[in-house]
Structures are given as structure tokens and as C-alpha cells.
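> Here is what each chain is made of, one letter per residue.
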Amino acid sequence: MEHKVLLSANEAVAQAAYHAGCTVAAAYPGTPSTEVMENIAKLKDAIRCEWSVNEKVAAEVAIGASLAGARTLVAMKHVGLNVAMDPIMTFTFVGAVGGMVVIVADDPGMHSSQNEQDSRVLAKFARVPVFEPSDSQEAYDMTHAAFDLSEQFEVPVFIRLTTRTSHASTLVNIDPDAPRKEVVSKGYTKDIIRNVAVPAYARPMRARVEKRTEALRNFAANSEFNRVEKGDNHLGFVTAGISYQYVKEVFPEFSVLKLGLSNPLPVETIRNFAATVDRLVVVEELDPLLEEQIRAAGIAVVDVKTPLRMMELNPMRITALRQELLGDATPPPVQSTLDGLPNRPPVLCAGCSHRGVFYILAKLKATVAGDIGCYTLGAFAPLSAMDTTICMGASIGSALGMEKAGMDGRIAAVIGDSTFLHSGITGLLNVAYNRGTITTVILDNSITAMTGHQKNPGSGTTITGAETVTIDIAAICRAVGIKRVCEVDAYNLAELERVLKEELDAPEASVVIAKGPCVIATKANVGATPYVVDPNKCTACGLCFKLGCPAILRGEAVGKRFKSAIDPAACIGCDQCRQVCKFNAISPRS
Amino acid sequence: MNISLVGVGGQGILLTSEILSRTAALAGMDVKKSEIHGMAQRGGSVISQVRFGARVFSPIIINGMSDILVAFEKTEALRWRPLLKAGGKALVNNQEILPITVSSGQQPAVENPDSKLGEFFGDSLSTINAAALSSEAGNPRTANMVIAGALSTLTPFTADLWHEAMAGRIPAKLLDVNLKAFEAGRAAISAP
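Residue numbers (the numbering used here), protein chains in the order written: chain L, 9 to 598; chain R, 13 to 204.
If we strip away everything but chain L, and leave its shape as in the complex, we get:
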């Protein structure tokens, strides 16, 4: 029986994949997309799913499944799409057999990302259709439609989510017990001319892609997902995705052309709509992708002055647009906040095994090329032990580049296990091959921690909990040509310091694997005896504060300095502060 349930768009996509007969799904975790695959995994008997080692591999798994005739889904965040674009750019030439849906979740405003980018631009570049849901019901319906469209036009289809759809829950009319659609696999057909992208075969594919784009444009013009909501025709809005909700919130009385299937752009639909309104306004989040195409088609669009191009939209910014267009919008009065409130940035957890590595790297005054993960927090005070962060895997190559540029001093790359397996191995191979001497520090907690503790090839189990090989990271490092590889207990600071100093100063490339569990994933040391500071021994030297542990609090003031105290509820007895203290003031609570 149909009823309304509250689902995030990520959950709705997973439900729809199940109901639409998807049988193969692959992803690499990344906020805000992660829950798509986590929810698909709950249907593990129905959909063969995996955490792939990176988004490129995930896309390739989906491509293979599609060519084998299965309905397939691949999910990633926007920066993951950059990694996956290589196979996608050619598969758009070859074309899908079984329906292939690419879920890509953008993060406008960079709540949890290193950059802001609009995936619709890459979809247009790849000549693939894009659905832009504005809530979870649409995410559900569009996922169904995307599988059908993919098969009808033999094209991978994108669904562009954003943080405010992926992580917003809205009501969905759904029958969770409805039977799965019986989709008979199209099976595999050997067809070398169709499936082998070599120049001779790719040239006719190229022409077919352009023809297909025009056919898709006609399809979009008639799609139920592109609809006009008639209202006062003094203004007409063209909008898509979450922006639609903000337009309806702030301009409820005006006409709207809501684009759910926004690429290829149904230009004639827009021209017809424009003819019914006095002024046409385009509202879209991030890049002016629709607007530029509409203008290029010679359709007049209001030249909006309100800045809407960067960062997340919200009703406040659209209210500013209303003030510009109509002069009748007053934002609500806003009460002030307290000046000088202390910030509350995220921090490495109490007892985190990454903390000591950064403490020692800072002490050794190493230049640290960093990477993407919880450990990026090592960049912030008081540790301040990371110099650069670019993208997944960039630490190793960029550290080598620093060396090649002739930088003085100790140079380290710091990368987590999951990121190393995602795209660090090739960088390390490059260091060995090109005779680098940098030290790569792999923070190995055997899990993909930041996105919520997903399994990876170092974990020993798959997404469904099935046992599998546990990858030997040290063996990989040796196999790519690094001779100096050692493993260190991440909690043993003296040993860490000795090893890091030796390896950083060695005249050849080295890898130090700092091993320690993710304390929140493993609940390591839960119930362990918390540590305590003896105020009689504490000299208020402040050294333990430099660890940046949230369990270490300010105690009694001594002049301008403070003795430390330990929050017994937060401390998990990791022992790092005891090792740092020069006055034996810290010990397990007796």
C-alpha cells in the first residue's frame, strides 16, 4: 500500500534503484552522496553492490554491468565525478545497454568539500541527460525515469543531487513492499564495432552522440518533468533542482517553468514559456548553465544583479532577488549574535591515532603535503601540521614536486589508508620510479573514517560484511619500488619521532605506515581508565595543549598560563598526553 514516508533524496534513490530492477551498484563514499550506497547495501540480496576503490573504478564496474545488459547505478560526490570522467567521457560514445544511472551529489557552499563545482557542466560536456530533483519524491521518480531513458537512448544518465536534497528528508509516496520491477537483463552481445572505442569506430560514434543529443532535446521538451506552473505572468522563472523550492517560497504568485530534465536543454519549451511572461528570470544554483544557453538561443533574460553565482542559494538570497525585481521584499528582522563567541571547528577525536603523527611532524618542522580525510584536521591549530591539501591522492605527487623544485628541509606526504588505496598508489610508484627521496606517511586505521566508517580493501570485509582479502599496504609500497618501508604504532610517540626523523633524513624514498584504530569506528578503549592530571606536578607549561585533544581542558590559572585538566567523559586513555608531559603529571586515574 502506498503511504508517505520521510526519506532523504539519497534514501529515495536507493529505494528507486531497487524498485526499478537495478542489479549492480558501485560507489566510493563522499559527502553528501555516501548514503545512496549505504542504503542500497541494506538491500544486499537484491543488488550486487560494492565500495569500489575509487570513483573511476566504480564507473567502470557500472559500465561493464551495463554492457552485460544489467541495470546499474554508480554514486559519487562532485569531486569524485572528476575522477570518474575518463571512462564516462568515452562510454557516452559507446552507449549504455542496460540502464546506467550516475548519481552525483554536488556540495554548494562546501559544507564538506575542498571545492565547489557544478556537475551539470560536466554532464553537458559529456552529452548526457541530467535530472535535477528538487525533493525526495522527485529523486525517487526521476531515478525510475533515468533507467528507462538510459535504455531508450543508450546513454548513461546523470541525476544531480545537492547537499540540500541529499541531506534533506521530505515525504515520498511509496510502497516499500511493492515488488521489484521485473527487468529482464538484455544479456551480453558481442559487438566489436559498437563497444570498442578505437578511432575508426569512434568517429561514427561521435556523430551518433550529436544526433542523440538532439533526440534527447526533443524528449526533454515533452517530458513530464519539465512543466509550467502558471501564475502571474509579469514574471516567469526558469529554475531547476533545489532552486525551484526557493523560488516557490519567495515568488509563490508568479509563473514557473520547472526543469526536472535540464540537459539537453529544451530550448523551444523555454522560448514558448518566455513568450507568455513579461520578464524571464533564470534561477539556478552555482553556474549559469541554463542562463547562458537560453541567452545563446536569443531569448531575453533579466540581467540579475543580485549575486547568485557562488555558494548555496537559500530563501534569503532569493528574497534579495525579489527586492531587486519588485522592490516589495523585506527580509525578516534579525537579532544579533554575541560578539567574540569562540569558534567550534571540528577536531580530531579524543584519542585519535592521527594526532601523535602530526604532533611529531610539527616538532620535526617537516613540510607536509596533506590529503583528504579526517586527518586534514591536522592543518588546524594547535597542531598546524599540514601545508597543503588539494584532492584525493595529491599529497604524494605534490610532495615530490616540492622536492624537485629544490625546496629545503624535510618533506613528507601524509595520506590515509583509504585515500592511498583510492589514488595514492600511482603517486608512490611515481616517487620510486623518478628517484624521489620524500617520506610518505600512511595513516592506517583500516577504514574510510571521515565519511562514516565505510569498509575499504584494508578492512577485511566488503560493504555487505562478507569476508575478503585484507590488502597488505606495506607489501604494495615495496612492490611499487620503495625500499624503506616500516610500520609504527601510531600511539608510541618516541618511536614515531625516531622513525620519522630517520626516514625524513634518509637520502631515498621511504614510507612510514602509522597504524592505529579509528577510535569511534572500533569503539577502541571504550571503558578504558581515563587519565588525570596531578595539579601538584603540572607546571602549566602548556605542552599537552599542543596536541589539540578535546579531552584536555584548561585547569587552574597560573599567571597568564593554565594548568591542564582532563575531561574524564571524553578521555579514552590513549596515553599520548602522558608521553608528551615532561613532568610526569599525567597518569591513568587510579
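Source of the hints: derived by calculation from the structure; they are not laboratory data. One should not assume that every hint holds.
Claimed, not checked - For lysine-lysine, the following DSSO-like pairs were computed, each having C-alpha atoms within a straight-line distance of at most 30 angstroms: (1) Lys185/R to Lys12/L; (2) Lys568/L to Lys185/R; (3) Lys128/R to Lys12/L; (4) Lys491/L to Lys545/L; (5) Lys509/L to Lys412/L; (6) Lys192/R to Lys531/L; (7) Lys185/R to Lys531/L; (8) Lys491/L to Lys523/L; (9) Lys185/R to Lys50/L.
Use these hints to put chain R onto chain L, whose structure you have.
Just chain R now, with coordinates in the frame of chain L:
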């Protein structure tokens, strides 16, 4: 109605906002819940927003538009005050969690936060001691349900509907202690 729930990772904010959302859905209303929780487990600020009514468009509540601000932590109540509309209600848990910027000495703590809260929110302020009430109810980990109970008195939903939403989300073996915590929060805020 617009309700913003703010606090620190690990305080149970997301479960509370989910139960609120489910309660609104059970009442037959349209509802949207939006949250930012990228690194919530690592001690950062957490915010979840719930809107419900006949028809809801934006999932985001902008500054000056929250009917209720529920703060699980005092500094966060002060931080997110701009969300609250003039005349809106502030429900603040009587707990202070010092951010790392304070415990490591980079920034000073808020001086006398209780008087700041009184000054900022005036008559619209209700405070609750969720830690004490949840311990009395039998489990300190149910502090978020104490806050949910207190919040329930400010919403148009019956206690029964809240209970139904809780039963639909909380594992059976933990339901009783959570319901007790919820009722403790409800009683505490209803008492004059």
C-alpha cells in the same frame, strides 16, 4: 512552523529532529528536515532544521524565521540566535561544552553564559537540565529525549503522537527509558 535544532556533535540532535519530523508527518502535515552533519562526530557545531505545515517548499530556515530555537548547548544558543524570529521561543539545555578553541587557549570562553542567555532571549527563554533529568529517568544517554519532551509542549502535537513517532524509530528495548526521559522533559517545562 519552523524549528531549528542546534548543538554539538554527539548530543543526539539528529535523532531528535527526525522524531520531530516523523511526528509532524503522522499529524498529516507536509514536512521537510534539513541538516548539516559532515563532520558531526568530530565535535563541530551541528544544525538540523525542521519545517512543517500544509505545504513546505524550502528545507532551509533563514535568519529571523525560526519559531523555535532548540539549543542542546549554551554557546550554540548564543551563536544561532539570529535564526530566531522576534518573539520566537528559545529552549536551551543547561549544558556548556567548551570548544577546542577555548580549552586550548586560542579564544576566551563566553563569560557568564547564563546571564547572556537571559539578556539575549528574555522572556522567550526556557532552560532545561537534560543531563540531570535523563539520569533520573534511568539513562544519561536519553538527554536528547528530555529535550524532545520539553520541545513537545511548544508544538501543536499531542504527546501520544510523539510517542508513536518514537516507537517507530527507537529500538523496542530502549523505548521505555526514552519515553520516561521524554515525559520528564515534558513535565519539567510544563511546571510553572
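> What's the verdict on Lys185/R and Lys50/L, does the C-alpha distance respect the 30 angstroms limit or exceed it?
holds (22 angstroms)
> Measure nothing beyond the straight line between the CA atoms of Lys192/R and Lys531/L; if it is 30 angstroms or shorter, mark the hint as holding.
holds (27 angstroms)
> Need the status of pair Lys509/L, Lys412/L: alpha-carbon distance at most 30 angstroms?
holds (21 angstroms)
> Given the hint that Lys491/L pairs with Lys523/L, test it: the Cα-Cα distance must not exceed 30 angstroms.
Judged against 30 angstroms, a Cα distance of about 19 angstroms means the pair holds.
> Given the proposed pairing of Lys185/R with Lys12/L, does the C-alpha separation stay at or below 30 angstroms?
holds (26 angstroms)
> Lys128/R and Lys12/L: Cα distance at most 30 angstroms?
violated (43 angstroms)
> Straight-line Cα separation of Lys491/L and Lys545/L no greater than 30 angstroms?
violated (45 angstroms)
> Hey, Lys568/L versus Lys185/R, does the alpha-carbon distance stay inside 30 angstroms?
violated (51 angstroms)
> Hinted pair, alpha-carbon criterion (30 angstroms max): Lys185/R, Lys531/L. Please report holds or violated.
holds (22 angstroms)
In this structure, the earlier hints numbered 2, 3, 4 are contradicted, and the remaining ones agree with it.
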